[in-house]
Amino acid sequence: MRGYRWLTVPVVIAGVLLAAACGSSSKSTTPTQAPGGATAPAASSSPSAAAAPQCNKAPNQTEGVTATEISIGNTDAYSGPASAYAVIAKAEDAYFKWVNDQGGVNGRKIKFTSLDDSYSPPKTVEQTRALVEQDHVFADFNPLGTPPNTAIRQYLNDRGVPQIFVATGAATWALDHPKYPCTIGWQPNYQSEAIIYGKYLLANRPDAKVAVLFQNDDYGKDYLKGLKAGLGAKASQMIVKEESYETSEPDVSPHVTTLKNTGADVFIVVATPKFAAQAMKAAAQLDWKPLIIDNSVSVDLNTMKAAGAGADGVISAAYLKDPSDPAWASDATVVQYKDILAKYGSGADPNNVFNFYGFAVADTLVQAIKQAGQDLTREGLMKAADNMNYTSPYLLPGITIHTSDAQKDWAPIEEMQLEKYSVAKGSWERFGQVLEGAVR
Amino acid sequence: MGGIWQRAHVPSLAWLGVALLLIIFPPWLAGGYRIFQFTFVVIYLIAILGLNIVTGYNGQFSLGHGAFFAVGAYVTGALMFHAGAPYWATIPLAGLTAGVVGFLFAIPALRLSGLYLALATLALAISVPQILKKWESVTGGVQGLVLTKPHSPIGALTSDQWLFYFTAVVALALYIAAWVVLRSSVGRAFVAIRDNEVAAEAAGIPIARFKTLAFGMSAFYAGVAGSLSAFVVAYVAPDSFDFLLSLNLVVGMVVGGTGTIVGPALGAVFIEFLPSYSQDVSRAAPGVVEGVVLVLFMYLMPTGVAGFVATAGRKALSLVRRRTADHAAAGPVTPTLADQEPRAGPGEGG
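Protein chains in written order, with numbering that gives the first Met the number 0: chain E, 0 to 439; chain S, 0 to 349.
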């Protein structure tokens, strides 16, 4: 008997808990109780709604706006594993300070409150609620990361607070805009980029045998999806092998050997920097010389240097000017960016592309606020964001920020230009036309 | 009877009163955002309470309770998302699933002690979010699962207020359950194993059974906490349960006071509010502020806040006793709550 006495412990706990649960169930039989059913997060890839998306639920449309000030909030990862991205919010802060010193936007100065969420969705919810309910911000601008933004999307849309130009590359921000009219993305998403690679191959290598190495998660699969969309009907014929790797693997070279043995002459690398460098290097070591297409996630110069000889002639795509590229050294926007960053950025590195990204997206917000006019409302700001046609000086020539209610196009940037890497020069060189990769 | 809690009855009742006051009033004094924070204090409290059972009372060091928290959250998330289950009904299953995982984990872990066990649990904390990313059809992958936030069944309460009361009632029930268990023969066996495993075995305590039981019970608590967090946030994703969560729970337990029953509440307040306050001090480097505060806390209160208060109380008490000793012969000082010295560090790892 004594031997089984310990069993009473879990039984007691389960009993107490069940009692608590039942207690609540008897209270919750009132008809107002929602059954706690599930909502589908990203089911609507067909924007069938005829009416334009309206972000008009906020009871106070001008909360956070006074005659002299606009209060803008944001969450970013100042601590934790993703803290490298905090540079973005700091750059945005520097940019807004400069804007304010120039007289602000439509006579109003921007008050920017950026809080730390450590890239943890529960913290994002908490901090976003602090911004909305305590600081009474007018809009949540460029919060970082797909999971954190997903966590706050319902809340912000319920309250009619703009969640504008989010810092993530998921396709859902554009595709699900009709369902979440207060939420809109900014940068080209992964699928857009892959569509562009697909289009390029169709036009220039229609008989290519394509081998793909991709990271086995949403990011990798998004690229694969876009690539197939870009290749269209020829996808199944051209793609001879899709090989996935796990981030827990120390080295992806064995996968490269497998891909080489398929006899492919185009090798698409959908990998984060460390693995991308390994893959390009392994191809060179195996004396495999396909056309390598490397995703824009892994194009920084350190990665390309680590890839050694394998990096020569590699193709990728870009949409922003690169502040470290000598070709832009005398570009007025890049020169001004460096000046502002030096003055307001407290020692930030001008060659860090995240700083440039922060300036570019903050500049787009200023443009949207200007477009929304003197009588600034939350609904008006989203309406402006939904109908933009802005030639941003931060983007590569020929790439514009365009959205349109009429055409149901809510992806602000979906064009990129291809670029080729040269080991001898140690730099990228853009070539060809700007290509569009609309995700519909 | 060992008298562990005999003199503690009065303070316990006092704490219960304080707890009830803290449960009833905050939602009427604060806005939705604050209530959300208070709700998270309660959720952390449950998880730390669980961690405290296995580490504080049983001496097995766990750096991996974020993993059990995640298991509970995902059971609730998957049931709500895929099966449309009502949120409250998922809690027992979430707790039991986490409990079973903890129990099973504890069986091989029996061979490990101290730092080695800490490393094994650390591996668990790091690997679980990775596993959650893979099993996409159920877990939603990196994007996670978006849930429907529960509505309040009572018209007078907002959804935030209702969720606070709901979690508080669950926490209170679990608190009382822990209190009952820990002062029973089971609790004494836990403590005996912590204090001296060889002696406990010689006294006839089946070590393996009680160690696995402590782990399973502890994981159950963490799982319930995870389950509550899932529908309070209305979203689960692997990034919600990274290694920092496990670390925060350990910090909360140690700051509050290891091996005490009030410690978890204080620790939960600490880990919920420290990040936002340290951010007010320095936006550029909140981590540094947190670190400094933590070092100060551990330097000034090596036995945690609960231990510090208890020690201070005991000193005051003995001062009073010394004065009254002139008039009456003082008997041997009966052990008080404070005499059960909360350990500064758990097990051999401390």
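A portion of the hints provided could be inaccurate.
Computed, partial: chain E to chain S, Cβ under 7 Å [what the hints assert, rightly or not]:
#, residue
1, S119
2, P120
3, A129
4, Q133
5, D134
6, P146
7, A150
8, P177
9, K273
10, D330
Going by beta-carbon spacing under 8 Å, a handful of chain S positions derived as facing chain E [as the list claims (entries may be wrong)]:
#, residue
11, G143
12, A201
13, S239
14, L295
Subject to a maximum C-alpha distance of 27 Å in a straight line, what follows is the list of computed DSS-like cross-link-like pairs (lysine-lysine) [said to hold, decoys possible]:
#, chain 1, residue 1, chain 2, residue 2
15, E, K208, E, K273
16, E, K419, E, K259
17, S, K148, E, K178
18, E, K342, E, K110
19, E, K108, E, K288
20, E, K56, E, K96
21, E, K110, E, K288
22, E, K273, E, K288
23, E, K273, E, K96
24, S, K133, E, K56
25, E, K220, S, K314
26, E, K240, E, K288
27, E, K273, S, K148
28, E, K288, E, K208
29, E, K227, S, K148
30, E, K240, E, K224
31, E, K96, E, K288
32, E, K240, S, K148
33, E, K224, S, K133
Hints listed in this document are in silico derivations from the structure and should not be mistaken for laboratory results.
In this text, all values refer to a predicted model and were calculated from it rather than measured experimentally.
Backbone N, C-alpha and C define an ideal beta-carbon position, used for all residues, glycine too.
Open item on the list: P120/E was flagged as interface toward chain S. Is the shortest Cβ-Cβ separation under 7 Å?
Closed with: holds (5 Å)
- [ ] Below or equal to 27 Å on CA atoms is what counts here, so check K419/E against K259/E.
- [x] holds (22 Å)
- [ ] Measure nothing beyond the straight line between the CA atoms of K273/E and K288/E; if it is 27 Å or shorter, mark the hint as holding.
- [x] holds (20 Å)
- [ ] Mind checking the alpha carbons of K288/E and K208/E for me, to see if they're no more than 27 Å apart?
- [x] holds (13 Å)
Open item on the list: K133/S and K56/E were given as a pair; does the straight-line alpha-carbon distance stay at or below 27 Å?
Closed with: Roughly 37 Å between the alpha carbons, so the hint for K133/S and K56/E is violated.
Open item on the list: Given the hinted pair K342/E and K110/E, is their Cα-Cα distance within 27 Å?
Closed with: holds (18 Å)
Task: Agreement of K273/E and K96/E with the hint, judged by alpha carbon distance not exceeding 27 Å - done: With a Cα-Cα distance of about 36 Å, the restraint between K273/E and K96/E is violated, given a limit of 27 Å.
Task: Interface hint outcome for D330/E [beta carbon to chain S under 7 Å] - done: violated (30 Å)
Open item on the list: Tell me if the straight-line CA distance from K96/E to K288/E falls inside 27 Å.
Closed with: violated (49 Å)
Task: Restraint status (C-alpha distance of K56/E to K96/E at most 27 Å) - done: violated (30 Å)
TODO: Mind checking the alpha carbons of K110/E and K288/E for me, to see if they're no more than 27 Å apart?
DONE: Roughly 53 Å between the alpha carbons, so the hint for K110/E and K288/E is violated.
Open item on the list: Using the nearest Cβ pair, does A150/E come within less than 7 Å of chain S?
Closed with: This interface hint holds because 4 Å falls under the 7 Å limit.
Checked against the numbered hints listed earlier, the structure breaks hints 5, 8, 9, 10, 12, 14, 19, 20, 21, 23, 24, 25, 27, 29, 31 and 32; every other hint is satisfied.
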